[in-house]
Amino acid sequence: DSHIQYEQVGADVTMKCGSMDWDTAVTWTANGTDIDESHLNGSYLILKNVNLTQSGQYSCYESSSWHLKYQTYLRVGTPPKEPLLMCRSNNYPKGFYCSWHLPTPTYIPNSFNISVMHGTREMVCEKDIFPKNRCHIRYLQLFSTVKYKVTLTVTNALGKNSTTLTFDEFAIVKPDPPESVVAKPVPSNPRRLEVSWQNPSSWPDPESFPLKFFLRYRPLILDQWQHVELSDGTSHTITDAYAGKEYIIQVAAKDNDIGTWSDWSVAVHATPWTEEPKHLTTEAQVTETTSASTSSFIPPPTTKICDKGVVVRSGAVAVCWTAGLVLAAYGVFFI
Amino acid sequence: MAAAGSPSATLRRRDLRSRGIRLAGKMRSDVIDLLDAYMEQQGLDASVSVAAVEGVPAAAAEHWDEQTGTQRLLENLAAYRTFRALLAQMLEEQREQLGEADAALGRALAAVLLQVSAFIYHLEELLRLESRSPPSEEGTGPPLAPHLSLFERKLRGLGVLRELAQWAVRSVRDLRQLAKASPGSSSAPSPAESP
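If you read the sequences in order, they're chains A and B. In terms of this note's numbering, the first sequence is residues 1 to 335. In terms of this note's numbering, the second sequence is residues 336 to 530.
Keep in mind the hints are simulated off the structure, nothing from the lab.
Heads up, simulated SDA-like pairs for lysine to any residue below, C-alpha to C-alpha not over 20 Å straight-line: (1) LYS147/A - LEU370/B; (2) LYS515/B - ASP257/A; (3) LYS515/B - SER231/A; (4) LYS160/A - SER111/A; (5) LYS515/B - LEU142/A; (6) LYS361/B - ASP232/A; (7) LYS212/A - SER202/A; (8) LYS515/B - GLU410/B; (9) LYS94/A - ALA396/B; (10) LYS149/A - VAL383/B; (11) LYS69/A - THR24/A; (12) LYS254/A - ARG357/B; (13) LYS361/B - PRO210/A; (14) LYS361/B - PHE170/A; (15) LYS174/A - PRO210/A; (16) LYS174/A - TRP261/A; (17) LYS254/A - SER196/A; (18) LYS160/A - PRO79/A; (19) LYS147/A - LEU490/B; (20) LYS94/A - THR403/B; (21) LYS94/A - TRP399/B; (22) LYS212/A - SER364/B; (23) LYS147/A - ALA396/B; (24) LYS147/A - MET374/B; (25) LYS515/B - PRO93/A; (26) LYS515/B - ASP232/A; (27) LYS212/A - ARG511/B; (28) LYS184/A - THR234/A; (29) LYS149/A - VAL385/B; (30) LYS515/B - PRO204/A; (31) LYS212/A - ALA514/B; (32) LYS361/B - ILE258/A; (33) LYS132/A - PRO103/A; (34) LYS174/A - ASP257/A.
Computed footprint of chain B on chain A, listed as stretches where at least three residues anywhere in the stretch have a Cβ under 8 Å from a Cβ of chain B: (35) 136-145; (36) 199-211.
For every residue, glycine included, the Cβ atom is placed at its ideal position computed from N, Cα and C.
If we strip away everything but chain A, and leave its shape as in the complex, we get:
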């Protein structure tokens, strides 16, 4: 006969050799290895203060015949601690899901039971195949002020524990992050980055349940984020990027009216457009003669805002009069 025996870490375990008398000579093995006689009391095996490493197959043989008289599989573990439960609606208004896990492993099999009450009405939480510790509920009512009460009970051979979550319909609404975030430089615009994204695919009806967005961006070299909140549209042009600096950009989403912000999207990187250097010497001279009010704004050596016939020579570099005005304006801006 083969059994499974569950024992708690730290317990003292006594194993009987089936129906053998106490004074029968027996040999015990653990995973095929003989156990020292010092652990025996007659034909009983005594394991004191068991630990996890002592899990395994224990067999008892009658010494004279070497017949197997008893076999058991010892599983050492712990009763479950209070489980961690969370519920969220990322597909409002279709429904919500709840997922759970144990804060520490029990090392033995656990079973979970979840109950969802909406007022006095019991709702069915359909278990997901994957991941296993998740189930989902379809809303039967919308805009209800009646709270939902979700109770999760975890049970194993050594004990049980439970936790309860109470919430209202709006509070758990949290979309998934926006998808397909793309950031591109804007040609001829050294301070702009064009960012676009899509609604999360899990959000079923963005037309009737529109999302609003939060964009954050910073140059890699700085720690401080800039933030922009956008109440509609799935694109935005950053207009105050530092020229030539690589940026990191992320977007989050929220239902326009209820719930909480999503996690941040996957980060994208982009660098604003910069002019391709044509002649290295020209580049150096342009940098030197540029206004000292900012070191990061480098005007292109040729500019399309030149009037063809109006050119003022400044040093070895030809700078158009109108371009000069633009430079002056930028210089004032940065003071």
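Dock chain B against chain A, hints included.
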């Protein structure tokens, strides 16, 4: 009156819907502020649970996504007309209870009442554009105020405001559904609507 499918009716409908959405959004935000002030003034805790209060239109809807545009407008209209009467009653009780002691709360209640009236106007106009006359208000007078203790009246007031806040969210969604069902033109039902 412009014909239901005419371009001017379409524009008017779109205008009423978008203004209605903005109004409902503002109403919700003001009702939530009012709720905080009300609970504080009435000495109620945020965790107080109020069972469904008789006579207060519940925002909860089953099969909400299957409703026709007209059903949405009619349900909204009936609800807000009731809220108008309930808020008027609360305002009066407020004045009786406290006199001028908490004028700010009274003013906030009156402001919300005004917004509810404005929203009712939007709903009635949208119904007329659907070639439906809004149902008359005869026989839907102020709900009979059962004799309630002061505490019961406080809880009732809490229930009214909570449900109104919920309705404000629902109304925004309802108006957006209307826009979806008839994006450009007439009151012709969308394929999702039952004939």
